[in-house]
Structures are given as structure tokens and as C-alpha cells.
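Participant: So the chains spell out like this:
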Amino acid sequence: MSTKLTDLVQKPQFLSGGHRLCAGCGASIVVRQILMGAPDDVKLVIANPTGCLEVSTTIYPYTSWNTSYIHCAFENAASTLSGAEAAYQSLKEQGKIKEDFRFIAFGGDGGTYDIGLQALSGALERGHRLIYVCYNNEAYMNTGIQRSGATIMGSWTTTSPYGRYSSGKKENRKDLTAIAAAHNIPYVAQGSISHWRDLVRKAQKAFATDGPAFINVLSPCHRGWRYPMEKTIEVARMAVQSCIWPLYEVENGKWSLTASVKKQPVEEYLKSQGRFAHLFKGENKKILDIIQENVDAEWDKLQKRCEQK
Amino acid sequence: MAAGSKIVAIVGTDAVSEAMRQINPDLVAAYPITPQTAIVETYSQMVADGLVKSHMVAVESEHSAMSAAIGAAATGARVMTCTSSQGLALMWELLYIASGLRLPIVMPNVNRALSAPINIHCDHGDSMGARDAGWIQLFSENAQEAYDNTIQAVRIAEDPGILLPVMVLLDGFIISHSIDRVELLDDEVVANFVGEFKPAYSLLDVNNPVSVGNFDGLYGYYFEFKRQQEEAMLNSFGVIKEVGAEFGKISGRSYSLFETIGMEDAEFAIVVLGSAAGTVRHEVETMRAKGIPIGMIKLRAFRPFPARELAEAISRMKAVAVFDRSNTFAGNMGGPVFIELRSSLYDLEKKPLLVNYVYGLGGRDLSIELINKAAAELAEAARSGQVKQSINYLGLRE
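Residue numbers (our numbering), protein chains in the order written: chain A, 73 to 381; chain B, 1182 to 1579.
Because the hints were derived from the structure by calculation, they are not lab data. Treat the hints loosely; a few may be bogus.
[To be verified] Below, simulated SDA-like cross-link-like pairs (lysine to any residue); rule was C-alpha separation at most 25 Å, straight line:
hint : chain 1 : residue 1 : chain 2 : residue 2
1    : A       : Lys-83    : A       : Lys-115
2    : B       : Lys-1407  : A       : Lys-83
3    : A       : Lys-115   : B       : Asn-1389
4    : B       : Lys-1471  : B       : Arg-1564
5    : B       : Lys-1234  : A       : Glu-171
6    : B       : Lys-1187  : B       : Ser-1225
7    : B       : Lys-1430  : B       : Ile-1188
8    : A       : Lys-164   : B       : Lys-1430
[As the list claims (entries may be wrong)] Covered by chain B, per the in silico footprint, the following chain A stretches (three or more residues, Cβ under 8 Å):
hint : region
9    : 160-173
10   : 186-193
Built from N, CA and C at the ideal position, the CB exists for glycine as well.
Sequences are here, hints too, so could you generate the full structure?
Facilitator: Next up, the structure:
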């Protein structure tokens, strides 16, 4: 399938303009790029957990979704969608449905890394043919920027504030993409909206996967990360270039890097966002070194995984 | 006996599994929990043996069981799940979503006490906890009724004027694990009775894609949606009776909202639901044979609560005892059936004395002696016109 821009812009849009997401929000860009990877001859069922994307695109009696859509609760997009997928398989087998459907969930890091992790794990393990996309903005943005399991160490959030006795979030983030890969499902990838061709290609692979696929996409949030709203793509690109958010895929167990990067110091990336501003003052500066060490260690580990025979 | 029916000796969980096999839903999503486990196991085997067309989703929790059921029902599929106790409690937030989205999911719940202390035996605390979740709740006296209720639940849930999920309740172990005489209908008779589900909306309708579970916004329609759910509950009174009467035609066993025994000439009566109704009936009939003017009401529908008809049925009584297999911890307000019934009587000019017996928590046995003790106190209240103590614990070690 093509990833030429001239072809991609011809694709149908499933998320209509006029939704209530913030200007400069990464989530709608994630949705558009992922759905550009959908084959033309399939119908889509989209699921959201509770979150920014859900509340901003489905304000009753309107909907921004130009396709079937379901929201159930916060922690269960994966299990809800797994039920829809299984019912579809049953109805298809009985000849009650003729069309080919694909099932795609878009969940934030709150609904995916944390409260929804069990439901996600269960759905991946059961082998449903569904794509779960995490639009990862590294905190609970819908409720007003609280820390999540995806929040980077040192980050300011409203529940990991800095103060006399705190330099932001104390703990490092969990590696959800690796956790998904540990389910030994056919396709797992990490992507970024700054690398749209790479992300569309990953989406195409996920749509072609006869089984579960998981894609973790960095989705900058200018409200929570504290940068000018027009810089969303730029900030995402800096994350990739610093290797704090490397791009890779795990295809049938084979790990490979999908973007060539000239690794930049993470400090430049951190400097671009207000959520890390306190790290550049006084005692907190030592956190910068720890973050860089963490990035280096994770990057080394990833490179080794991608070199493995 | 209806043509094609057969009489078998099976436990309650098998009676439910047989009903599920005959209903043959498109999808079952369930998680095992004592004492419901055998339903999931037996149904999995039925799927493995190709006896049903159902797809089975063996989820990783009850939360996911109800979530998957909701996702599946939104496609327009006929969907069932089943649970007990902690499993039902884990589903709690989703029970409201299933009813709020008006998805006609049918769920047998094998009644079991809620922790703590952890206890695997019967009481009604689990489903009573879900009484305000917008589900229809039908109680069963024995394995036969669990079977019959499961089949009828499909028709009630899917009625276009209702579209609410239905919980079929059967007492843990007492019904679920006891071998009982059960009359099973012919497969085809059940298939014809439940018919095909024709959903108004489906995620898989390519000509009319829908958004399900939208955000109600700041000035939305939440209040109106909730009022419509109450309207559906009101509609269900009639539909439960119609479906119960129609079921009588294919089985010889008709159902309504509740059943009365000896109420036409009784002076006092016991109201009870679940398996205890069998034991109470035996004692009531024994007493009536001795000329004691006692009657009985076996409540089948707890949701909707047939307040008006129940009030009518007991308004002539001098005294009524309500048996509750759960408590509300409201500060000596009594069990949920008692509270509802007392509220139902408020507008009557002439009303009976009402007394509550909380019994059987955590599977404590309800013996004949205990029923007779309560009946004797009830007779005394009817005679004297006074209730000694309105909230009583029957069979409590004190």
C-alpha cells in the first residue's frame, strides 16, 4: 500500500473537523495518521476509553466519527472492543454480516498504561483481531494533567508537583510497548506523529495483521507539557531524535528500529517544555543526568534487542 | 407435559446451561466464580462440541466479561454472561452502562454472599446491591424456575418497549448445586419462543453507522435518558406478565410478577423470594391443613418492584412477615424487600402490620423450626394487633 502523501490525502476522513479537541492536540493527528493506514475495502469500528478524545468527539447529539464508534468506560476499551470483535466473528460465521470490519481502539496513556492495562492484556492474550493504539501524552490530561505510568521522571504534573521537597515525578515510566510485545502478539510498534510516513506504514501493517496489534504513539499535549501549541510536531520530532521516544516495531517477535536518528542530548528536548522547567534550576539539575542515563540505558537495550538474530 | 419435553434430574447450573444452549446466543463472555463456575465450564464444553453457534470469550475478569458483553450487544448480537457475588460487584459500574445503553443482555447470577468475611454460600446481598442499576431482576425458587426464567429473560430484555438487561437469580448451592427434577422443553420450541433478535441499531450496520456511549456534555440529555429507563421499567410489568403467560402455553408453567398461596382466606402471610419459598410453602400448606389462616407470596420480580399489586394482595391481611436474605445496613431499617414493601403500603388507608425477618446470610440454613417460630410470632401479632419487634434476625447465634 502507498504511503505517498498525494495518495494519503485522497483517503476518506473518519474523524471530522469541528471536534472539540484543543488546537494543536496530538490525539486527532494520531487518529488521522493511523486511519490513513486502513485498507479502502474495510469498514471500521472505533472504540475509545473515557478521555480527551472521547469527550471531545462525541458530544451528544453530535459525533465527529464518520464510522461506527463505541465508548463504554475508562478502563475497558480493549475488553469492550474485544466483545464487539468476537460478536462480529460470530455473526460473520453465521452469514449475518457480509462486510469486512476492522476494530480499532484509541486510548490515552491513562486508559492504557494504568487503569486499562488488565483489559488490554486480556484482549491481546485472547488473540482478537483488533488494533489498540495508545495516544500517549504522558499524563491524565482529560482530568487536568495528573501523573500516569507513562509520565517521565522529573516531569511536573498536578499530582507530581515540584516544591521544596519534590523535583517532580520521582519514578521512571513503565515500558508499555515492551509489555505489549511480551504478549507475543504478531505486531507491536512505537510511533510518532512527527514521522507520519513511518506511522502510516505501521498502521498499514497493523490493519493487515490477522490478530492483535498494538501501537504506542507519542502524542504531545501543549496544555500539559507547556509549550506553544504550534510546536506539537516539532516537540514530537525532538523526542524521537533524543531517543527518549525511539521508533521501532516488533513483527512476529523480530525487533527492528524504523527510523535512523543521530542521537541528540535529551536536555534540548526537556528544555522545550515547561513541565521540565524546574529541572534546570539549582539542586534539580542532577535529575537531568538521571533522565539522560535512563534514556541511554533504554536506548542501548533497544538497540541490542533490534540486533538480535 | 408439553410435546417434545423431557424430564431430567440435573443441578441448577446445568438447568441454566441447558437454557443457554437452547437460546443459542451469538456470544457468551464470562469469567468463572464459585458457585457459577459450572455454567461457564459446561457452556465452554457445549461450544467445544459444536452444540451451539455461540462464540465464547473467556475473559480475564468479570469487569471485562460485562465490558465484552456490552461491546458485543452494541453490534446487535444476542449476548449472555453469568456471574456470582464478587464477580457481580466487580461489574458494578458496567451494570449501569449496560442498562443506560439499553442493551438487552441476559445474565444469570448465582446468588452468593459478598465478602468480607469471604463466604461462598448463598445470600442475596450481591444482586440486591445491584437493585438500582436499571436491570430487571427475576428470582427463581428452584432449578426449573432458573431454566424457565432464563428463557423468558431473552424475550423480556429484547422487547422493543423495554430493551433493558435482565438478571436471572438463583440461589447459590441450594439451587445451583442441588439435583432437581427439571422439565426441559424441546430445542425447537425454545428456539421459536425466543425468536430472532432484531436490533434497532448496530455497530455493524454499514448503511447507518452509529456512535454508542456518547458524552452527554454540560447541558445534555442525561435526565431524559434516565427518565426513559424508568419508563422501560414501567413497561416491563406488562411484558413480564405477557411473556410469562405465553411461556405457560408452551410449557404448562405460567409466570407473573409474583405468586400467591392461600391469600384469598388468609389473615396473615409471609412474603419470600428465592429457594426459601419452597420451604416456606411446605410449612404454609402444612399450617393451612391444620386450619391456621396463613398465606404466602412468592416474589419473582424484584425489579421492577410490583408495589401496587403487592399492596393490593396484602392489604386485607392483619400482619405480614417479609423474609429477606440480605440486609441494608441502614440502621435497623431491615432488608431490601421489607423496605420496598413497607414503602408500597404507605398510601393505603388500611394496611397490615409489617414485620421483617432477615435470615440465611452467608448460607445460614433456614430450617422448618425457624419458619414455624416466625409464623407463630406473626400469628400472635395478627391476634394482638401489635408487633413486638419489627426487625428480626432469624437463625442468628446470639
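Participant: Quick check: which numbered hints come out false for this structure?
Facilitator: Those not satisfied are hints 2, 8.
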